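K.L.:
Each chain is listed here by its residues.
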Amino acid sequence: MEESMVEAKPEPKQLPAAQQPQGPRRLFGQPLVRNVIVGVVALVLFYLLIGHLSQYRIYQLSQVGPYLIALVGLSVLTGQNGQISLGHGALMAIGAWTLTLMQLHTKSPLWLMLIASALVTMVFGALLGLVAARLRGPYLAGATLALALGLPDITTRYQSVFGGYQGLEVSQPNAPSFLGAAATPTEWLAIIEMICVVVVMILFANLLRSRVGRKFRAVRDDEIATQVSGISVPRTQVLAFALSAAAAGLGGGLFALVSGNVSPGGYTVVLSISLLAAMVIGGTGTLAGAVWGALIMVYVPGWATTLSQKLSLNQSVSANLALAIYGFLLVAIIMVAPVGVQGIVRLVIFKIRNLRKEPG
Amino acid sequence: MGESRSSLRRGFRVIAVMAAFSLVAAACGSSSSTSSSSGSKTSGSVANTASAPGITPTSILLGSHQPLTGPAAPGYSEIGPAIEAFFQYLNAHGGIYGRSVTFKYLDDGYNPANTVQVVRKLVLQDNVYAILGGLGTPTHTAVVNFLNQNKVPDLFVASGCNCWNEPKVHPYTYGWEPDYIIEGKVLGAYIKDHFAGMKVGVLYQNDDFGGGGLIGIKQMLPASQIVSAQPYDPTTLTNGLGTQVAALQAAGAQVVVLFTIPAATALALLSMAVLGYHPTTVSSSVSSDPTTLAGLVSNFSKGKVGASALNGLYTLDYLPMSSATSDPWIQLFLKIHSQYDSKEPVDGNMVYGMAMAYYFTLAMRAAGQNPTRQDLINAINSQGATWTGPGLVPLGYSATQHLGFMGAEVLQLNGAGGASVVSPDYVTNVQGPVTTHASVEGPVPSWLQ
Numbered sequence: 001m002e003e004s005m006v007e008a009k010p011e012p013k014q015l016p017a018a019q020q021p022q023g024p025r026r027l028f029g030q031p032l033v034r035n036v037i038v039g040v041v042a043l044v045l046f047y048l049l050i051g052h053l054s055q056y057r058i059y060q061l062s063q064v065g066p067y068l069i070a071l072v073g074l075s076v077l078t079g080q081n082g083q084i085s086l087g088h089g090a091l092m093a094i095g096a097w098t099l100t101l102m103q104l105h106t107k108s109p110l111w112l113m114l115i116a117s118a119l120v121t122m123v124f125g126a127l128l129g130l131v132a133a134r135l136r137g138p139y140l141a142g143a144t145l146a147l148a149l150g151l152p153d154i155t156t157r158y159q160s161v162f163g164g165y166q167g168l169e170v171s172q173p174n175a176p177s178f179l180g181a182a183a184t185p186t187e188w189l190a191i192i193e194m195i196c197v198v199v200v201m202i203l204f205a206n207l208l209r210s211r212v213g214r215k216f217r218a219v220r221d222d223e224i225a226t227q228v229s230g231i232s233v234p235r236t237q238v239l240a241f242a243l244s245a246a247a248a249g250l251g252g253g254l255f256a257l258v259s260g261n262v263s264p265g266g267y268t269v270v271l272s273i274s275l276l277a278a279m280v281i282g283g284t285g286t287l288a289g290a291v292w293g294a295l296i297m298v299y300v301p302g303w304a305t306t307l308s309q310k311l312s313l314n315q316s317v318s319a320n321l322a323l324a325i326y327g328f329l330l331v332a333i334i335m336v337a338p339v340g341v342q343g344i345v346r347l348v349i350f351k352i353r354n355l356r357k358e359p360g
Numbered sequence: 001m002g003e004s005r006s007s008l009r010r011g012f013r014v015i016a017v018m019a020a021f022s023l024v025a026a027a028c029g030s031s032s033s034t035s036s037s038s039g040s041k042t043s044g045s046v047a048n049t050a051s052a053p054g055i056t057p058t059s060i061l062l063g064s065h066q067p068l069t070g071p072a073a074p075g076y077s078e079i080g081p082a083i084e085a086f087f088q089y090l091n092a093h094g095g096i097y098g099r100s101v102t103f104k105y106l107d108d109g110y111n112p113a114n115t116v117q118v119v120r121k122l123v124l125q126d127n128v129y130a131i132l133g134g135l136g137t138p139t140h141t142a143v144v145n146f147l148n149q150n151k152v153p154d155l156f157v158a159s160g161c162n163c164w165n166e167p168k169v170h171p172y173t174y175g176w177e178p179d180y181i182i183e184g185k186v187l188g189a190y191i192k193d194h195f196a197g198m199k200v201g202v203l204y205q206n207d208d209f210g211g212g213g214l215i216g217i218k219q220m221l222p223a224s225q226i227v228s229a230q231p232y233d234p235t236t237l238t239n240g241l242g243t244q245v246a247a248l249q250a251a252g253a254q255v256v257v258l259f260t261i262p263a264a265t266a267l268a269l270l271s272m273a274v275l276g277y278h279p280t281t282v283s284s285s286v287s288s289d290p291t292t293l294a295g296l297v298s299n300f301s302k303g304k305v306g307a308s309a310l311n312g313l314y315t316l317d318y319l320p321m322s323s324a325t326s327d328p329w330i331q332l333f334l335k336i337h338s339q340y341d342s343k344e345p346v347d348g349n350m351v352y353g354m355a356m357a358y359y360f361t362l363a364m365r366a367a368g369q370n371p372t373r374q375d376l377i378n379a380i381n382s383q384g385a386t387w388t389g390p391g392l393v394p395l396g397y398s399a400t401q402h403l404g405f406m407g408a409e410v411l412q413l414n415g416a417g418g419a420s421v422v423s424p425d426y427v428t429n430v431q432g433p434v435t436t437h438a439s440v441e442g443p444v445p446s447w448l449q
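Those sequence lines, one after another, are chains A and B.
The numbering of the first sequence is this note's numbering, which starts it at 1 and goes up by one.
The numbering of the second sequence is this note's numbering, which starts it at 1 and goes up by one.
The shape of chain B in the complex, shown without the other chains (with noise of 0.2 Å):
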């Protein structure tokens, strides 16, 4: 060592180099917080604790990948901010057992090699306590690994793969929408009941997602009825999605289902203008929401067409629609909206991020008063499936299944940014038939009153 040491005065430049890169890091290192004393109390018995990492006796610290730029962004980036909002009005009423909840989202850019980093980031360096709606089929695959290793509560994962609902190998992590299979499911019930016979054709996105909603579809339809399915990739959306429509087209499809992200779907409803084909278009509930849509549209064609473009376009909803304003639940959403959220618009995106965020406070209630990460993973898998609240169906969590809602019903938009239900609820899993049922929609606590 004593050599070593003597050579190491000699200043060869790579020790140098080696030294301020250690300086770095150590400068950085410093600046890591630890969590807070306890010592505030409530108005209970027992005493707030600092139960868990991100939770102190005062507040709860929970993070998010969202999609704020890149193709995912129109629409979906309203999510983030309206979970936000909904938790800054839980907070000025009461918070949860007296804790205030943050939401810090990050941009992901719906880029996996992003995710990766920015989930990191909340989970080793934010000491976030859960991951709350993480975006993205192809983004939350990158993490959620990850998350289960760290055994960090993956809660309702913003996107409909069936892959979140695997309790063995992801004990932490839940689904939150209906799985796509199941999507895929219901519109062939739906498509089976109302177009039997008819030429079918789907436009799908070439992952999870859209490989999911195929397979949904082809378990409810005679293969023979399927004349044409169409894949497209997210990254290339702005080439336009002219060559898989032309394709159905020439399939002769009569109806048209989109396995399709917001953006392509507006892309796909303009192409078969252009090319003059007028087919009965079914869609996801990814593509729900007509204000969404509407803006797209209107934004693509440079605003030649409005949500004229949308009139008949038939789809799911398993939430109210945010212009449903007799409903309790859009009542109170539209009151958060206007104090906390107004920036942002009024539409499905809002109503699915403060919807989660409800739930989610539901599944903190029932985790106890401090509680550890393992006490809110058990309180959802004994509780979770009684939950009530803005859901039209009800959740299918347990120890062996972590499935959010377990169907939808089926919507047809108007040409005027409204729509009406067309269907009963459509109940089933995975496996199993599907069947009809009445909703499940709960009334508003009088906590959030």
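Chain A extracted, bound-state conformation (with noise of 0.2 Å):
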């Protein structure tokens, strides 16, 4: 089963010293079977976690699930490819429109259109990537931020089509009988969610243990020593970056189908800054990471809201103070642990395990 999913080698000896696995995880086995477990896992605990949640706290664990799969996209781009995406909003509403386009004009099944988002945002993200190879460092930042400025207001230009300002209404799909009578919509796109979370995190997990993702490390650490081995470095570029707007626009999809409605004010390039900033925060390039800054990206608004309530701030302080809250988060991750919150965890389990060792 392996071999049909995933190109790589079956030869984990020559990994990077940085990507391989160390001690008892070798005994875990082939990497892909090893994810699918963890996943698998993973959806149990989570189906029987939302059990005992109440539905707002459904609603907003079901927001984590867009932001991560989207961060995913954009932790991989930059952390293991080298190349910074300021456009990533943009990309989420290229797959939201596209799914509620879809919902509204025909009678697709849920799953095609999650796919459809998935796959119009890629051909959007390869041309972007062939933008983006002829670009580097600010360039690139720049370019990918016209994306994000502009495309909201493509909206608002053709209303008929998008919706304009009020944008249009997204319907929930309503719960499968197998999950009970009592299953809410919230709840059952919750697990939808998890289910496309763990598919995503498999795929990317397997892709940068695979040849494909040691190109894109290749890239990354020195384009002129790639161009030489043989590996077309524009090629490389452009594959990341269609494969990172795919999982943005996963992402917004899912994320249309969560708000229940899609409107240029979600998309703004404040998302897309946010995104970005939630991603340096998680710890850039790790898949873990993700999963940080998109509980960061949730829960920290909802906490800056209570905060600025009890301290009875100006209501023109408490409607930034999220976003203030990710710049201080920002310098202070960047000075102190520059690999983010996943950096600061793996610190930590790491002396745990010496600590263990030590004695025995």
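Just so you know, the hints here were simulated from the structure itself, not pulled from any lab data.
Every value quoted in this text rests on a predicted model; they were computed, and no experiment measured them.
Glycine residues also receive a C-beta, built at the ideal position from the N, C-alpha and C atoms.
Careful: at least some of the hints might be erroneous.
Claimed, not checked - Straight line, CA to CA, 25 Å or less: simulated DSS-like cross-link-like pairs of lysine-lysine:
id, chain 1, residue 1, chain 2, residue 2
1, B, Lys192, B, Lys168
2, A, Lys310, B, Lys302
3, B, Lys343, A, Lys310
4, A, Lys310, B, Lys218
5, B, Lys192, B, Lys151
6, B, Lys302, B, Lys335
7, B, Lys104, B, Lys335
8, B, Lys343, B, Lys104
9, B, Lys199, B, Lys168
To be verified - To be clear about the criterion: a stretch of chain A counts as covered by chain B if any three or more of its residues have a C-beta under 8 Å from a C-beta of chain B, and this derived list gives those stretches:
id, segment
10, 89–97
11, 128–135
12, 165–171
Put the two chains together into one complex, using the hints given.
P.N.:
Here it is, written out as structure tokens:
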């Protein structure tokens, strides 16, 4: 089964040191098998968990999924391939409108709409990648920023198609009967999302261990050396952008479902910048870091609102408090822990392991 | 399962993160509250009970989304505090069946994406009994289905969109303002009566608000009389409205109808002044408040122009003006303002918020001592059309119609912050003809004095 899904060579000894499984992990066997087991366990735990949560907590949790998937894409692009994107919020918007327009004009099943969100956005991502492959550093940031600034305005320019400022309504799928009569659309969406999260995480985890992943990192680390080795740098960069955009598009499609509405106000440049900040705070280039980043994106604004209500801050201050906290966290994380929250977690796990080993 | 459990101990980092994910969620989940026990008694023979979500024997919790920041905040940010002030006054005068009303309004920045979030928080987490006065057409559109699916009374949406009057699709949603088509018809009728044959231009917000107004005007005036209709987007207001106003001027419009939010009205009036263009201006009730408009004009022109820019502007109203100090309702509202709302200015938004809170109070009193959510809906459907208060025109509530105020009267502003009424009440609905009517303003009830 693993052969069919991953084009990876079964030669883990040759993996770059940073990505190599160490110690007891080797016993786990094939990465794909291990990841699938972990993914299924996570799904079951998640299913049990949402039985104990209020509808609002489930709704909040179901906001984590879309951000998480988009962050995985962004994190792989930036952390593994060395390209920066300030336009991932706009890519999420492409996925969101793809799903909404399909729901409005066709009778497609949900899975098809989600796959279409990813594929359509992937095409846009590939086009953007063609531009991106010619640009470096601040110029690439500028080009992608232009996309984030410009794309939401297209929705108001072509109002009859995209719904304008008011946006379009998205209806949420009803829970299937096998979940029981009491299951709400909110719960069902949370489950759909967790499935998407698990699938995306497994795909990207394996991709990064494959030849493609190694190409990504080679381009990141030394473009000249990579080109000399016979690997096309621009082609690799376009591929990375396309795959990253596919994740953002799927995240956008899911986000439209969770919100029950798509409108340009939800996909402004603030979203793109929040994604970038969350990626750095969570831990650039790591899949686990994307989980931290997504949790921060969902829960920090809520806490900021509660905090500003307790301190009874001025409205114009409290409306921007969450962004200020991102900014502060960003500076603090870059100074204290350059690999983000996930870097701190790794360090703690490492210390605990060493403590255990020393006495024995 | 045993095998996968032993796998877990291998410490793959994803599982650690998943566990943390669950912990965070579980920790948050444990803080959700439930309703309190019953016990306290009021004067009657029947005790108050926790008859519905958000209702306890001693309290009623209401929620709302308001633009406290963002493009619609100037002026409209005062409505939430005004509603809250009315309930504070009401609570000090015995509340509703002895229950005190708490009004929790959250900022959505007039951004539909935020509205979705704050309304879910109010309904799913805070467990409000009803949503009162959710503000804005684009914003409330994003949550109207959610509220109706969850059977949450969605009263008196602070928007004149005809889309709230759909009792079959949205049985829990009620409009409040005369819908924009009605306003367009009233303005059209007034233009027909007083400015017959003059060229008419329209500046409108590019959504259901402006679009609805345009429909109403077109119903009343011949197509040849409307020489130009210029849309704008609320998100691009920072660019000003010079282009649109210049286009109206180029088309030779002698009467300009403004279906614009107050900030856009102020910008349009300033652009006219800059271009030396002096048409007769006619505005929807959305921009009827001279205090708000004068403040915005002065702010945008950096103090160079004041209330004088408003001189001669025709507008609509269905509530008494805040400057009508001989009106008993305005006297009551000013008293409430001085006690509970003194941080906010005295203007039309204050009247709007307090009047809305008053009609909600009537609905709650009619719903009975221990109402369910459905009891409130039934009370409005059966009795809403008979309620009187500060409203100048009748309300259109019934089981088959969830329309708010069914018309308006035309006012003309003077340059000193005041206004005079220049027409009788025009009353109509979306399809029917426009008729004139005497004011239905009622007395202040004794329980509020």
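K.L.:
Honestly, which of those hints from before does the structure not fit?
P.N.:
1, 2, 4, 5, 6, 9, 10, 11
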